[in-house]
Amino acid sequence: MKTKKMKSIVLTLFMFVLALVVLFPFYTMIMMSTHYSENIYKGLPLLPGGYFMENLKTVFNAHFEIFYKNSLIVSVGATILSLAVSTLCGYALSKYKFKGANFLFKFILVTMMVPTQLGLVAFVVEMKKIGWMNTLLPLIIPPAATGFGVYWMRNYIAGALPDELIESGRIDGAREPGILVKIALPCIKPAIFSLALMNFVTNWNSFLVPLIVLNKTETYTVPIGIINLNSAYRNDLAAKITALVLGTVPLLILFTATSKSFIRGITMGAVKG
Amino acid sequence: MSGDIKSAGKKPALTVRMKKIQGKHVWPYIFVLPFFVIYLAFNFYPIIYSFVISLTEWSGFGESKFVGFANYVNIFTKDPYFLKSIGNTLIFMAFDIPIVIIGGILLAAILNSSLLKGSSFLRLATFSPYITIPVAIGVLFSLLFDWNSGMINKILVGVGAIDSGINFLGVPALMRVVIILMICWKYLGYHMIFFNAGILGIPTELYEAADVDGASGFTKFTRITIPMLRPIIEFLIIMNIIWGFQLFDEPKVLLSPWTSASGGAGTVGGSKRAALTAIWNLYDTTFGTQMQYGKGAAIAYGLFIFISVFSGVALLIINRNKRKGEI
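Sequence lines, in order, name chains A and B. In terms of the numbering used here, the first sequence has 30 at position 30, counting the first letter as 1, and numbering is strictly consecutive. In terms of the numbering used here, the second sequence has 155 at position 155, counting the first letter as 1, and numbering is strictly consecutive.
In isolation and in its complexed conformation, chain A is listed as follows (with noise of 0.2 angstroms):
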C-alpha cells in the first residue's frame, strides 16, 4: 500500500515537472511581455513587471488588430466553405451509387498522399494571373478542398447516418438537397463541429501560402504580422513579444476549451481506421 502511494507520488510529480518544461516558453513570454524592454535583456524576468498595458497600447499603436481581422476572415471563410465542400462530397461518396463514385473516392485518397507544395510554384504563378495576390482569396477558396476533409465526413457519414433514415426521407416526398440539409446535417453534427476545429487552426497556422501571396501590411495575417513586428516595432523587444501573446493566447485558450472535440477528430481517424 505504502509503495503503491510513493509511486503515485513519483509518477504525478514526474508528470508535473515535464508540464512545467512544456508550459516554461509560454510562461516566460507572458512575463517578458509585462516587462520594459531595457530590462528584459537586463534582468531574468521570471516574475511578472507593470508594463503591461505600456506594451498593450505600443502595439494597438501599430494596428495589430488588422492581423487579427484578416486572420479572422480567413480562417471563418476558408472552415465554412471547406465544411460545406467535404460534407456535400462526403455524403455523396458514402450514401450513393454512382458511376464513377469508386475512382472518385480512390482519386481523394491519392490526393491526401500528396503533398500541396508540389504544385507551389504554379500555384503562385495562377495566382498571379487571376489577380488573386494581396488579396485573402488564396486562404480561402484552395483550401477547401482537402482529400482529408471529404475521407473524413464520408467515413463518418457512413457510419452514423442509417441508409432507412434517408429512404424515410425520400417516401415523404423530400428532395435531395431537402434530406441532405434535414435529415443527414442532424446526425452528423459532432463531425462537422471536430472538422470545423481542425479546418480552422490549419487555416490559422498557415504560413508559406501568406508568406508568398501577402506582401502589403493591410493584408497581412496574424503569422506574417507576427514576423513582420520587427519593422512596426522596431528594437522594441517588449512589444514584440506582447504582440506575440495576443497572436496566440486568445487561440491557445480557445483550443484548450474545446480539446475534447479536437483531439476526437485528429485521433478518430487512425485509431478506428
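Hints in this document: simulated from the structure, not taken from any laboratory.
Taking lysine-lysine pairs in the BS3-like style, the calculated list, with each CA pair at most 30 angstroms apart, reads:
(1) LYS5(A) with LYS220(B)
(2) LYS260(A) with LYS220(B)
(3) LYS5(A) with LYS117(B)
(4) LYS2(A) with LYS117(B)
(5) LYS117(B) with LYS260(A)
(6) LYS106(A) with LYS322(B)
(7) LYS4(A) with LYS117(B)
With the hints as your guide, set chain B onto chain A.
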C-alpha cells in the same frame, strides 16, 4: 370507372417516381462537383503546370526557355543545397521521430495509470504546443535560446554552468539540436494523445488475463500494450515522414532576425545552411533570395520523389513485418 380512376392516379405517381430516380442519379454528381472543381483548379492544375515549369528556365516574368531535364540534373548533381536540404531534413527526422514515438507511448502509459493525479491538466499542458501557431513556436525558441538575452543562457550563466552565453543559433550543430528540441516539444503531446486513445481501446480482459498469469507491469507493457499499439505506431511513422519533409515554418522563423542580436540570424538556412529544410530551399530558390521558378518547380518534384521513396520503403517494411508476424 373505378379502374380509370386508379390508372389516372397511378400515372402521375409513376412519373414523379421516375423523376425522383433521375434526380437521385444527378444529385451525387452535383454534390461532388464543388470539391473536384476547386481541387482541379487550385491543386491538380498547379501540380501539372509545375512539372511544365520545371522543364524551363524562368524568372517568373517574361519569356521562359525550355531546357528539358537540365534543372533536375542540376539539383541532383551540381546544386550544393538541394541534397543538403534533404540531408538536413533527414537528420531532424532521424532524431525526432524515435523521440516523439517512444516518448509519446511512455507518456500515454503514464497518463493512463490510475496512480497519476491531475491527468486532464497534464494532457492539456503537453498538447498545447501542438495548437500554437508554428510561427510563434519559432519566435519563442529564438527568444529562449538567444545568445545575449535568451532565458536558457541566463539560467545557465546564473547557476554557474557556463561563464558566458552560448551561441546556440549560430553554431550548426547546436542549431540543429535546438530545432530537434523544438519539434519534439511541439509534437510530443500530439503523439501522446494518439497513443492514449489507442491504449484506451485495448480490451481490459487482456490485462486481466495477464494478471492471472502473474505478469509484471513491464511485461504487460511490452507484450500487450506495444503490440496492440502497432497500427498507430505505423500510421504515425508514415505521417511523420510526410510531415518531416514539409518542415519549414518553425526553423525559418527561429533563424529569422526577430530578436535583435541573435548570432547567425537572418541567413538562409542558418549558419552554413545547416538548418535549411527541403521546403525552405524550395521557398528560397523560387520566392526568397532567388527568382528561379524552373529550378524551384524541379526542387518540388525532386522532394516529392524523396517523400514517395521514403514513405514507400517504410510501408514495405511495415507490410513485410506484418506478414512475418502472421506466420
